[in-house]
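Asks: Here are the chains, one letter per residue:
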Amino acid sequence: MTSVLDPALPAPRRWIASERASDVEITQAIAEPLFAPAGRMWWIALLVSLAFALWFMGSIGWLFYQGIGIWGINSTTVWGVAIANYVWWIGIGNAGTLISAMLSLTRQQWRSSINRFAEAMTLFAVAIAGIMPIIHLGRPIYAYWLAPYPNTMALWPQWRSALVWDFWAIISYLLFSILFWYVSLIPDLATMRDRARNRAGQLLYGVFALGWRGSARHWSRLQTLHTTMAALGVPLVCSVHSIVGLDFAASLMPGWQESIFPPYFVVGAMYSGFAMVIVLALAIRWGFELQAIVTENHFEVIGRILLMASIVMGYSYATEWFMGWYGGEHSDRSLVGFEFSGSYAPLFWALLICNVALPQALWFPRVRRSLPALFVIAIAINIGMWLERILIIWNTLSHDYMPSLWRVFHFTFWDWSFLIAPLGFFAFLFLLFVRLVPAVSMFDMRQLAHREGAA
Amino acid sequence: MTITKTGRSDEILTTQNVVRTAADVRELYPLHDLSELGKLQTTSSADARPSLLPEQPPQTDDGHAWAMVIDASICIGCNACVVACQAENNVAVVGPEEVARGRDMHWLRVDVYDHGSAASPKLGFQPVPCMHCEHAPCEPVCPVAASVHDSEGLNVQVYNRCIGTRFCEANCPYKVRRFNFFGYADGEEYANLGLEPYRAQRNPEVTVRARGVMEKCTYCVQRISVSRRAAERDERLIGVDEVKTACQSACPTSAITFGDLHQQDSAVNRQKADPRHYALLGHLGTRPRTTYLADVRNPAPGLDEEAT
Numbered sequence: 073m074t075s076v077l078d079p080a081l082p083a084p085r086r087w088i089a090s091e092r093a094s095d096v097e098i099t100q101a102i103a104e105p106l107f108a109p110a111g112r113m114w115w116i117a118l119l120v121s122l123a124f125a126l127w128f129m130g131s132i133g134w135l136f137y138q139g140i141g142i143w144g145i146n147s148t149t150v151w152g153v154a155i156a157n158y159v160w161w162i163g164i165g166n167a168g169t170l171i172s173a174m175l176s177l178t179r180q181q182w183r184s185s186i187n188r189f190a191e192a193m194t195l196f197a198v199a200i201a202g203i204m205p206i207i208h209l210g211r212p213i214y215a216y217w218l219a220p221y222p223n224t225m226a227l228w229p230q231w232r233s234a235l236v237w238d239f240w241a242i243i244s245y246l247l248f249s250i251l252f253w254y255v256s257l258i259p260d261l262a263t264m265r266d267r268a269r270n271r272a273g274q275l276l277y278g279v280f281a282l283g284w285r286g287s288a289r290h291w292s293r294l295q296t297l298h299t300t301m302a303a304l305g306v307p308l309v310c311s312v313h314s315i316v317g318l319d320f321a322a323s324l325m326p327g328w329q330e331s332i333f334p335p336y337f338v339v340g341a342m343y344s345g346f347a348m349v350i351v352l353a354l355a356i357r358w359g360f361e362l363q364a365i366v367t368e369n370h371f372e373v374i375g376r377i378l379l380m381a382s383i384v385m386g387y388s389y390a391t392e393w394f395m396g397w398y399g400g401e402h403s404d405r406s407l408v409g410f411e412f413s414g415s416y417a418p419l420f421w422a423l424l425i426c427n428v429a430l431p432q433a434l435w436f437p438r439v440r441r442s443l444p445a446l447f448v449i450a451i452a453i454n455i456g457m458w459l460e461r462i463l464i465i466w467n468t469l470s471h472d473y474m475p476s477l478w479r480v481f482h483f484t485f486w487d488w489s490f491l492i493a494p495l496g497f498f499a500f501l502f503l504l505f506v507r508l509v510p511a512v513s514m515f516d517m518r519q520l521a522h523r524e525g526a527a
Numbered sequence: 005m006t007i008t009k010t011g012r013s014d015e016i017l018t019t020q021n022v023v024r025t026a027a028d029v030r031e032l033y034p035l036h037d038l039s040e041l042g043k044l045q046t047t048s049s050a051d052a053r054p055s056l057l058p059e060q061p062p063q064t065d066d067g068h069a070w071a072m073v074i075d076a077s078i079c080i081g082c083n084a085c086v087v088a089c090q091a092e093n094n095v096a097v098v099g100p101e102e103v104a105r106g107r108d109m110h111w112l113r114v115d116v117y118d119h120g121s122a123a124s125p126k127l128g129f130q131p132v133p134c135m136h137c138e139h140a141p142c143e144p145v146c147p148v149a150a151s152v153h154d155s156e157g158l159n160v161q162v163y164n165r166c167i168g169t170r171f172c173e174a175n176c177p178y179k180v181r182r183f184n185f186f187g188y189a190d191g192e193e194y195a196n197l198g199l200e201p202y203r204a205q206r207n208p209e210v211t212v213r214a215r216g217v218m219e220k221c222t223y224c225v226q227r228i229s230v231s232r233r234a235a236e237r238d239e240r241l242i243g244v245d246e247v248k249t250a251c252q253s254a255c256p257t258s259a260i261t262f263g264d265l266h267q268q269d270s271a272v273n274r275q276k277a278d279p280r281h282y283a284l285l286g287h288l289g290t291r292p293r294t295t296y297l298a299d300v301r302n303p304a305p306g307l308d309e310e311a312t
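Chains as they are written, first to last, in this note's numbering: chain A, 73 to 527; chain B, 5 to 312.
Treat the hints with care, as some may be off.
[As the list claims (entries may be wrong)] Not close to chain A: a few residues of chain B, all C-beta gaps over 10 Å, as computed:
1) T10
2) E15
3) E40
4) Q45
5) V97
6) P100
7) M218
8) R232
9) R240
10) P279
[As the list claims (entries may be wrong)] Derived contacts from chain B toward chain A, CB cut-off under 7 Å, selection only:
11) P144
12) V145
13) P177
14) L285
[Stated by the list, open to error] Computed Cβ-Cβ distance ranges for the label pairs, DEER-style:
15) P222(A) with S13(B): 54 to 62 Å
16) P222(A) with C82(B): 46 to 54 Å
17) P335(A) with L241(B): 49 to 57 Å
18) L38(B) with P335(A): 47 to 55 Å
19) P222(A) with P256(B): 51 to 59 Å
20) Y194(B) with Y221(A): 35 to 43 Å
21) Y194(B) with L282(A): 54 to 62 Å
22) W231(A) with N302(B): 16 to 24 Å
23) H402(A) with G11(B): 42 to 50 Å
Since the hints were made in silico from the structure, they are not lab data.
Owing to the predicted nature of the structure, the values given are computational and were not obtained by experimental measurement.
We put the CB at the ideal spot given by N, CA and C, even for glycine.
Make the full structure from the sequences, and use the hints.
Replies: Quick look at the structure:
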């Protein structure tokens, strides 16, 4: 594949690193690779990720067959990897919606280059997140009892439980993500329909393009719908992760019963989500040779967002420790001590290094502009955020009110399976996505090129 | 008989820790000096702390309010109550592998507190069944209402409704709930090693729990039911202290008292009037129906100095 847009250095414009980027050139740069045969790297990546996807499915099958005893959970530490995964994955999803909705409402032009694949990331991450609470159940076959439906038992869910709120939060967020992603995809699907060279492509893209002709009325309605959905999406994405926070906060346990949890979970979600966007943006930029469209400036601003979020996270951790001490409850103080020096202390220190210490390097513009450095920091943040979620569960459950039953979690092979295999499954879905629909929004990019004066 | 070394080494399994941290011991296992007993205030009245949770439903005339009082001063930590409970309530035997993973199934445990030190222990025992909290933390967190209260103050677990979120156990301050991680009683039994279980092995009055559900102490609800049926048959009310739980019947020192708070002359009411009476983790506002009488010691003067 040849690069249609030649990246020029130094970049003449902030968000498009090319001397000229006409409408046709942008469309070609993004759409053409989809009509060309996939490269060898893509096939290798697909096969590898397929192996992981099968591993994930196999693990779920074994779990259903054997029961959740295959995990390292015990009578005291009754929650483990599945719940941490759930919170982590839904957090990853958070950033896609924020980029599309929040940055669109605040008229941040640079979102045009990254919103499409960030939203796809949201979609897949939320789907994986949605699997986790179901397979976490002792009797997953009855997961639908969380839904209020007329039944012979004349029973409804128990509305006071945060898990019921969560059920609605996940479902509404998943539906919203699909619709929001699809709405902004329609004009590009029409472009694909028009450029498709075979009947199958024309039919497939044509059906989903819903007869888009690009008339002024179409554009006007699309914009109204998209802006309205964005305005709905911002509160929704905040509520989703607040409710995830309430899964813990609406309890009686030391270290969970904290009013800071909802906002702290929202920021944490944004944090890991943006870190994941960096990883995916690097992959797409390299894979499709889109250096002109995803510029270093994009990474630089995401680096600033990560820096801001890392400070908020550090502040939140410090608030937790302070309130644990200031509240004066013996169990809370004891828990803070356990976090720093107990069975999971090495993981806790790793968390602080990954989430708070290491990202401070982003104060330096040189680090924000260095892609390898950003990659390392982004991976570290994703590891740190997973550690944060698992430690919220482990620390509290392993060190609660009853010292006689303080027990630690023991990782089993199946815990590793459910931690690692979904990552491969996510990669598998993402690889299919980049070959089926344009990974960067073509119409948004054309608009951006006009605004930047590159067209 | 000869003893030979196997060359193998195995971990010594235990289901719980001896609590030695001074602050924890003081809070969870208060110890009174006999000489100071007269100065203690009676605390039998219900916890008057304000609460956002609804009060108990109004009682009918023949309503019961089951409660248990455990006297820590006469508990000798023999674990007879644990075994009796296991036999009575079809509690599964899970085997050493599962115990090593921290998955005991006992509905009742005997916690050990040490007011001394590892070198010179001063042990106290505290049997911990379900507290049947009036404001039970396990109930509002269950998404399917499998953990609910009945009209007699029992916190009941509806096995058929349980989907196994385990939030109830996560939110239980006393950690008395037990989860069927595998089908311990349902095709994956340990003790019979693949043989058919004996047909008469189980108590027919008690449900055998399936894989993936939570279970816990029921205050021997089947025994309450037996007494209720007998009383209805004879057209009388359940007699004072007529219901005896399995743990109570098995206790060699009569440390466990069970009965109806609505019957003025019941043994639990007498026990609750004792100045040593206290609720475990009472400051959490859970209003437990299972409460304790604190341990009492009367050390001979100078004995400690002689020992050291």
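Asks: Against the range 51 to 59 Å, how does the distance between the Cβ atoms of P222(A) and P256(B) compare: consistent or not?
Replies: Between P222(A) and P256(B), where Cβ atoms are some 53 Å apart, the hint holds.
Asks: Taking the minimum C-beta separation from T10(B) to chain A, is that value above 10 Å?
Replies: Its Cβ never comes within 10 Å of chain A, the nearest being 25 Å, so this holds.
Asks: Indicate whether the distance between the beta carbons of P222(A) and S13(B) respects the range 54 to 62 Å.
Replies: holds (59 Å)
Asks: Do L38(B) and P335(A) keep their Cβ atoms within the hinted range of 47 to 55 Å?
Replies: Once the Cβ atoms are compared, 53 Å apart, the range 47 to 55 Å for P335(A) and L38(B) holds.
Asks: Does the nearest C-beta of chain A fall within a distance shorter than 7 Å of the C-beta of L285(B)?
Replies: At 6 Å from the nearest chain A Cβ, L285(B) passes the 7 Å test, so the hint holds.
Asks: Given the hint of 16 to 24 Å, check if W231(A) and N302(B) actually sit that far apart at their C-beta atoms.
Replies: violated (53 Å)
Asks: Is M218(B) truly not at the interface, in the sense that its beta carbon sits beyond 10 Å from all beta carbons of chain A?
Replies: About 7 Å separates M218(B) from the closest Cβ of chain A, which leaves it inside 10 Å; violated.
Asks: Beyond 10 Å from every Cβ of chain A: is that where the Cβ of P279(B) lies?
Replies: For P279(B), whose nearest Cβ neighbour in chain A is about 24 Å away, the distance exceeds 10 Å, so it holds.
Asks: Has the hinted range 46 to 54 Å been met by the Cβ atoms of P222(A) and C82(B)?
Replies: Since the Cβ atoms of P222(A) and C82(B) sit about 52 Å apart, the hinted range of 46 to 54 Å holds.
Asks: Would the stated hint for V145(B) survive a check requiring a Cβ distance to chain A of less than 7 Å?
Replies: Since chain A brings a Cβ to about 5 Å from V145(B), closer than 7 Å, the hint holds.
Asks: Quick check: does the Cβ-Cβ distance between Y194(B) and Y221(A) fall within 35 to 43 Å?
Replies: Check passed, 38 Å falls within 35 to 43 Å.
Asks: Is it correct that the beta-carbon of V97(B) has no partner in chain A closer than or equal to 10 Å?
Replies: Nearest chain A Cβ is 15 Å from V97(B), so the label holds.
Violated hints, in rising order: 7, 22; the structure is consistent with all others.
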